[in-house]
Structure formats: C-alpha cells, structure tokens
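Colleague: Sequence:
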Amino acid sequence: MPHPARSARLVFDLLAVPRWRSLFNDELRRTERRRVFNVDGLCRLAAASVDRSPDDIVGMVKLAEGGRNRAFLITMRGGFQMVARVPYPATVPKYFAIASEVATMALLRSSGLPVPEVYGYSPASDNAAETEYIFMEFVYGTALSDIWLNLGERDIVSLTRQLAELEAKMTSIAFPAGGSLYYTKDIEKMTVRPGVTLEDARFCVGPDTRLSLWYGQRSQLDVNRGPCKPLSAFLLLLLPQANR
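Residue numbers for the sequence shown, in my numbering: 28 to 271.
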C-alpha cells in the first residue's frame, strides 16, 4: 500500500481544479463528473495488473478528461507508466460500456491493429478501488493535430495510406449480429439475452451501448437493445426505442 504521505499527495493531485468550465450549468456538469473512489485501492489494483508492488508507484496525476472517463497517469519506479481510466457517475451504461470497450480493443489488437494493451479492468465497482476502471498501456507520441499543418505532401500521402490500411483491416472483421462487442464471460455474468458468439469464442455480440439507447430514463426501460440477427433487424429495432 502506498505510504500515507504519498497517498495524501496523490489525493491532492487528483482533486486539482478541472481545466475546463461549462458555459451553462457549470456546477451541475462538475457534479456529474465528480467521482469518489478509493485511491489506495486503485493503486493496489494497478500495480497487481502489471505484476508490480504498490510501493513501486511514485506518482499518479490527472491526465485528461474525456466525454465518458477521467484518465490518470500512473508512474512507477524505473519510469514505467500506465493509464487508469475511471468513468464518471453520469456515464451510462457503465458495466456494458467498460466491458465492451475492453473487448473491442482486445479484438482489434489481436487483428493486428496498433491498439493499446489492456492490463486489467473491472466493469463493476465491487472491488478495492470502489469504482469501475480500465488499466491500459500509455502510448507515447505526438497528436496529429499538432503537426498536420507542418507536414509535406509526401508525408500526408503516406499517412493517408496508412490510415486507409488500418480502416481496411477494421472493416474486414465480420460480425454475426448487430450490437456491441464483449468478452463472452462478461455477458454471462449479466441477466441479459445471451450473446451471439464470434468464431473466437472468447468474444460475443451483446447489447448495444450507444448513448441514445441509455441516456436519462431510457436506461430504466426494459427493452431489447440487442444482440440482433440479421443485422438489418437491428436497424428496425432502434426506430421505436428512439421515440420512447
């Protein structure tokens, strides 16, 4: 477990004032993103996910705030760094969103796409961190938007070709049903319709996680969100639910 003084410093860093402000309902927007969790517990789980000791953690700072998650950068002795992502309280559907993102990254990575490695995750909050989380590889690099205007024509052509090749790899992956992707074991833990298994039985297609099907009171509706066969049937499924 991290030293008490170190834990106090981590908590201080994590509670730093956000770098953004909403133009309206600012306090409400901040409340929706304010997530209370066990910092020491998260550190223990993060260290265990990469076979390290919690005492190896020398720093944990807020890295970024996205639309669904807050990302933290964890630094360990020797310079190793990893990312911990924690969803906001307002993120829906929490379990399915976390489970689906992890499975999607794993499938893409196994298909040869340059996707960050996932070290560990929990789609439920019943753990030492008292929150859902994803631990993943920290990828070093430069944002394309920072250098795009300085690229020459040859670089732009090369980059565009690489992006097209990656897109071709993604679109070549076939799915047996409409919905979102999961590890089969994560769907089996939930009382939902059985998933439609892929050729790689580790994965299956389950409920669709798009926000329009879960936002607000829609998350309380007992409706069919997939999986759906054939794929065309899923498009028809979305129409009546969009008006509820």
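Keep in mind the hints are simulated off the structure, nothing from the lab. Treat the hints with care, since some could be wrong.
As the list claims (entries may be wrong) - Derived DSSO-like pairs: lysine-lysine, alpha-carbon spacing no greater than 27 Å straight-line: (1) Lys212 <-> Lys256; (2) Lys256 <-> Lys216; (3) Lys196 <-> Lys256; (4) Lys216 <-> Lys196.
Treat the numbers as computed from the prediction; the structure is a model and nothing was measured.
Colleague: Indicate, hint by hint, whether the structure satisfies it.
Modeller: Going down the list of hints, with the structure as the test:
1. A hinted pair counts as satisfied when its Cα atoms are at most 27 Å apart, and lysine 212 with lysine 256 qualifies at roughly 21 Å.
2. Between lysine 256 and lysine 216 the CA atoms are separated by roughly 22 Å; this keeps the pair inside 27 Å, and the hint holds.
3. With a C-alpha separation of about 23 Å, the suggested pairing of lysine 196 with lysine 256 holds against the 27 Å cut-off.
4. Distance hint between lysine 216 and lysine 196 is unfulfilled; the C-alpha atoms sit about 31 Å from each other, more than 27 Å.
Checked against the numbered hints above, the structure violates only hint 4.
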